[in-house]
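Visitor: Next come the chains, spelled out residue by residue.
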Amino acid sequence: MRRALFLFWISIGWPIWATDNSTDGGAVLSFVGYPDAPNFTVKPLKKKIRNCERCHGEMQHNTNIRVLEDAPHIDSLNHGNGRFWCLECHDEVESNKLQTPTGEKVGFADAYLVCGSCHANRQKDWYFGAHGKRVENWDGQRVILGCTNCHEPHEPTLQPYKPKAPPQLRVGLNPSAKKHQLPIIWPWQVINTSEANHE
Amino acid sequence: MNKENNEENLNLSRRKFIGGIGATGAVALSAGAWGGKTLQDALGDLFQDHYQRMTPEEIKEVLARIERKAKSDYGAEIKCENTPPREKVLFGYALNIAKCKGYRDCVHACVKENNHGRDSQTQYIRVLEMPNGTTDLEKSDHYYNHEQVPQDGKYYLPVQCMQCADPPCVKACPVSATWAEPDGIVVVDYDWCIGCRYCMTACPYWARHFNWTTPRIPPEEVNPQTHYLGNRPRPRGVVEKCHFCIQRTRKGLQPACMDACPTGARIFGNLLDPKSEIRYVLENKTVFRLKEELGTDPKFWYFTD
Chain A
1 MRRALFLFWI SIGWPIWATD NSTDGGAVLS FVGYPDAPNF TVKPLKKKIR
51 NCERCHGEMQ HNTNIRVLED APHIDSLNHG NGRFWCLECH DEVESNKLQT
101 PTGEKVGFAD AYLVCGSCHA NRQKDWYFGA HGKRVENWDG QRVILGCTNC
151 HEPHEPTLQP YKPKAPPQLR VGLNPSAKKH QLPIIWPWQV INTSEANHE
Chain B
1001 MNKENNEENL NLSRRKFIGG IGATGAVALS AGAWGGKTLQ DALGDLFQDH
1051 YQRMTPEEIK EVLARIERKA KSDYGAEIKC ENTPPREKVL FGYALNIAKC
1101 KGYRDCVHAC VKENNHGRDS QTQYIRVLEM PNGTTDLEKS DHYYNHEQVP
1151 QDGKYYLPVQ CMQCADPPCV KACPVSATWA EPDGIVVVDY DWCIGCRYCM
1201 TACPYWARHF NWTTPRIPPE EVNPQTHYLG NRPRPRGVVE KCHFCIQRTR
1251 KGLQPACMDA CPTGARIFGN LLDPKSEIRY VLENKTVFRL KEELGTDPKF
1301 WYFTD
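Chains A and B, in that order, are what the protein sequence lines are. Under my numbering, the letters of the first sequence match residues 1 to 199, in that order. Under my numbering, the letters of the second sequence match residues 1001 to 1305, in that order.
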């Protein structure tokens, strides 16, 4: 039956689920990708990740959701509308690893496997290039950013910030100059004299 | 005696005359007399043919001349190339308007990459701030200057050249200075453009821009990797536009706007490759094109998740 189900998923182009016998309680289907997705490598994170085991290897685990006072890292989780706690994603035993809901242990570099456990549609788009960001080229080796390159996993919503400068307002092109309080520029005017003086 | 004197004067005059011609020739051949160019370069500019009619040798000479001109005008060493279109490649662009937050990183990356005069008021990309619930471009604002974006109740719609498959700008040009390349990029021969701006009027996307001033760029900011049909320093008084960063994309690199986008809203690739990201977007997302009813067949799609 399970084999038939597996063949069914493959036949309709759904992700590959591999059999994993390492977990207690029988075989668990674990996600290993989409067969049709173009090959890729994930760009390593710029940020250095702490060695969690240095402290958490010795500490007693507390599964109560709370504000972590005096912790050397973030003190609260703004992800999942208050339903999550650290151990939803971080492995309880091996603190330097993450875990999927099916119990697989995953390195920080492969965090997309954990994210995809809940955000499957986004993950599929990411595999095929409709979500996320490819680096440098459109042709050749496909290097893409992992989920945690852009999203802070403990607060995944991208934060707003100040946009770069608007274009100079050419005279006659927009009647709302006063609305934006931008100076009106005539075509023959040099705008930034400090830059223009290099000649 | 008088006859001898006259002959002597004549000889002196002849000598002076020949010397004068030599001096004039030397001045003419020197760099200062032709606006910083040599006579050879000035004549080369004057008799330069249309890009599509030039032989490979002529193009090579033109590229060398452009490099010399950039050195004298900007004090920068540039490399001007003529990378040809790739076979079986047709470029297309898709933009996720749910991801675009209006940061304008693309606009400023474009200015740097494409050697825009820093005071030329020319930007190829216009990020429109739109009220939610409408695609009416008359309600857009691209001069927004908020403390933070995205603003509540707004979405952001970057607009640039759509590289139409049936481009009205090309039809409008009276001197054939603009055309669509085999890889789909609509290009301009800046040396053939007469600056009449008919193409600007014909373009329904406001994607063409007139170069009102001689571009001024600090030498350290000049992008040295240039293409004849792309980001080489342009003269004043010609029309220019987005060319999908032809100097980058024909080498397999992303356009600068896509490279700079912090949210990954931009997706670029080969429309003829069924495995490409852009094909996945077109086949699996709900996409639309701006002013599609005009029938210009743009190769720039918008979509949401």
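It is possible that part of the hints are untrue.
[What the hints assert, rightly or not] Taking lysine to any residue pairs in the SDA-like style, the calculated list, with each CA pair at most 25 Å apart, reads:
no. : chain 1 : residue 1 : chain 2 : residue 2
1   : A       : K164      : B       : K1071
2   : A       : K162      : B       : Q1148
3   : A       : K97       : A       : G80
4   : B       : K1071     : B       : R1126
It is worth saying that the hints were derived from the structure and are not from the lab. Being a predicted model, the structure only gives us computed values, none of them experimental.
Visitor: So, for every hint listed, does it hold in this structure?
Guide: Now for the hints, and whether the structure bears them out:
1. A/K164 - B/K1071: Violated, at about 31 Å.
2. A/K162 - B/Q1148: Within the cut-off at roughly 4 Å; holds.
3. A/K97 - A/G80: Holds - the C-alpha atoms of A/G80 and A/K97 are around 20 Å apart, at most 25 Å.
4. B/K1071 - B/R1126: violated (31 Å)
In the structure shown, a violation is registered for the earlier hints numbered 1, 4, in ascending order.
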